[in-house]
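Trainee: Chain A is already provided as a structure; the job is to place chain B on it using the hints.
Chain order of the listed sequences is A and B.
Quick note: the first sequence uses the UniProt record's numbering, first residue 1, plus one each step.
Quick note: the second sequence uses the UniProt record's numbering, first residue 1, plus one each step.
Treat the hints loosely; a few may be bogus.
Stated by the list, open to error - Now the stretches of chain B that chain A is said to cover, found in silico as 3 or more residues with beta-carbon under 8 Å:
#1 193 to 205
#2 236 to 243
#3 254 to 268
#4 350 to 360
#5 380 to 389
The set of hints was computed from the structure by calculation and includes no laboratory data.
Here a beta-carbon is modelled for each residue, glycine too, at the ideal position from N, C-alpha and C.
Protein chains: 2
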Amino acid sequence: MIKQLSVNVDRLETLLHDFAQIGKTDNGGVTRLALTELDKQARDLLIKHSQAAGFKVRIDNIGNIFIRRAGREDLPVVMTGSHGDSQPRGGAYDGIYGVLAGLEVLLTLNDFNVQTRHPIELVMWTNEEGSRFVPAMMGAAVFTGKLAVEQAYLIQDRDGISVKEALEQIGYLGTDQVQNQPIKAMIEAHIEQGPILENLNQTIGIVKGAFAQRWFEVNLTGLAAHAGTTPVTMRQDAIVGMAQCITALNQLALKPSSGDVRLTVGMLTTSPNSRNVVADQAFFTIDMRHYEADLLQRLETELRAELTVIAKQLNLQIEIKRVLTMPVIDFDPKCIETIRKATNKYHYPAIDIISGAGHDACYISTVAPTSMIFIPCVKGISHNEAEAITRSWCEAGANVLLDSLLTLAT
Amino acid sequence: MIKQLSVNVDRLETLLHDFAQIGKTDNGGVTRLALTELDKQARDLLIKHSQAAGFKVRIDNIGNIFIRRAGREDLPVVMTGSHGDSQPRGGAYDGIYGVLAGLEVLLTLNDFNVQTRHPIELVMWTNEEGSRFVPAMMGAAVFTGKLAVEQAYLIQDRDGISVKEALEQIGYLGTDQVQNQPIKAMIEAHIEQGPILENLNQTIGIVKGAFAQRWFEVNLTGLAAHAGTTPVTMRQDAIVGMAQCITALNQLALKPSSGDVRLTVGMLTTSPNSRNVVADQAFFTIDMRHYEADLLQRLETELRAELTVIAKQLNLQIEIKRVLTMPVIDFDPKCIETIRKATNKYHYPAIDIISGAGHDACYISTVAPTSMIFIPCVKGISHNEAEAITRSWCEAGANVLLDSLLTLAT
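With the rest of the complex left out, here is chain A (with noise of 0.2 Å):
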């Protein structure tokens, strides 16, 4: 029997470490903004550790590093890796860990003197966030040629600074032709960001692929009045019809028949938002996500219908707009599959889970065979200062990392 390959946790631990003091905020949080000089030390750092192991290192023109140890025969390459950058007062885990837990497979290669058939190609890509320039997963989106990048190039920051001038300020604006490479298959570890693994008992997320998404943008018309002169029988308020509209879309999202819908109303606005004035508008926004596209357009025909009653009842206009339309994306079967054995051999808890989120990986996808690995992150915060990770979810995400790449490379 084979022994069973595992990363070195302590070196993993450490790199994580390391890292998290780029940028570091007083409440142990990252803020590292993609292209930024923080940004830049990160990649550095990165470089450095993968030079001083004897990988070789590509940088393309919208900033992707691209860290391969080399195969024993010129075969398509196996991927792995996430993003070096982070939210604003973000953790220190969402993304640096993908990237840090294929570099840490790396070097266990090494330590283990591995010769993989396949080369294993570890990549930072740029701006996943997209909190300084929008869109997020601009790197993976120009990397499969969903975004030109002359047109990425041009998109500026609230400063008025351009990509192609960040890149150039901090020295990444690379010349290395990757984009064409033949690749095997990619594999991305990151941490869930939500709080299913952990509240299930489930060490690993085995990501079969992820959500569809529909945005959708509400306005109601009503009647502004004085709050002390018009009775309640009288008003059109806008207000108590969002309030009716939002009870009633949670209801929906919370029906059996509904299956999980992710539905959330996170952005509003009233007017005149006056207290003792009755409002005449309301605004708000629905972000709807599902693994079913059919279900989907089911509910938001449902939607549209119980919205409308609402509003009719209450004698406002309304007008509800869909803004944004994802589709679903389906990660592939043999990639899920290698993860599941993969974490088969190490006894691991594991479930299959699908992605709420946009990853690097949702993009790659279109181009190549794919799949994610999902830690549990403590109560599911990310994208806040305390995102924080145990040492055992950090060695289990990494080793099934390690097993993953192995099997594909081999």
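Mentor: Relative to chain A, chain B alone:
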């Protein structure tokens, strides 16, 4: 049988039209904020008409204007009047109708050469709206000793100009001692600023008093979470909590046992207020008004209980603070009966009504017998450029004011 006197409605409409030019907006409304150059123009015009008619004009230390038509005897004065300032983009009738109806009454008495026993005094109160300088009803508050004049002087607008400086700039920092004169009664005419009279086909509202009022601020605290990765069942969503609270408050207000309580959620904010983040914070205000103090107390107990249950069910923290408490105002029974008799003489359809809004008369009622006469405004719209009245309502209110003042001054 004595012929019933009537005002000259053509003259009153001309006066309303002329004053509506001072601060006229593109949409037919008025912006005439307190103690501005436009307020000065309205004040000057009122004084010009008054002096031309032989009335004595006095200005007190907060800029209230007192226009006296002498009586036969040196008896306590019968007062009327309202305010000349408007909301930003407000209407052409709120306040100024009561001033000009009062002026029209004095001019009618001149026309018919009527001598009253008591003097009758028309007042234009300073800064009723509170739009430029907070608090509202400032002139009446100072006149009745509820606000110290030295304190009022220090209050600044957003540009740092104090009330005293503004009074000096427009030349209305008066020195006449009016505050301690004996007052027999005060009757204020005003548009209803609500929809009740028009809805019930009534021409006159006989105002019995003003609602007690309580303001609350509610804070809900949950946990911010990713809209895509967090199942709806695992959330602590402050926006869902707020929506359920507002829906419950509206249902509470509509209960028959809540007796036409005026309950309004008019202002709200949420955090982080982002489309794809479950909100961890929601703040909203409650404005609750009723004529029965006991009922208001019971409703406060009920709303606190109901909102607390909702918060608990949704795993949210809740804080409910009462931030304003205003008692019921009961107007003087004799003044009310005087108005009722006047209304009957002209056969105007009339009902008793409670003011849901604050008025200068509410302050005056603390120092002298007081009541108010309401006329309808179209669709109840007020504090809005679309504010409108009909010629017949305009005439009816002034006629009832004429007869009431005559009765009180005889």
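Trainee: Against each hint, give a clear statement of whether it holds in the structure.
Mentor: Each hint, compared with the structure:
no.: 1; hint: 193 to 205; in the structure: holds (count 5)
no.: 2; hint: 236 to 243; in the structure: holds (count 5)
no.: 3; hint: 254 to 268; in the structure: holds (count 10)
no.: 4; hint: 350 to 360; in the structure: holds (count 4)
no.: 5; hint: 380 to 389; in the structure: holds (count 5)
No hint from the list above goes unmet by this structure.
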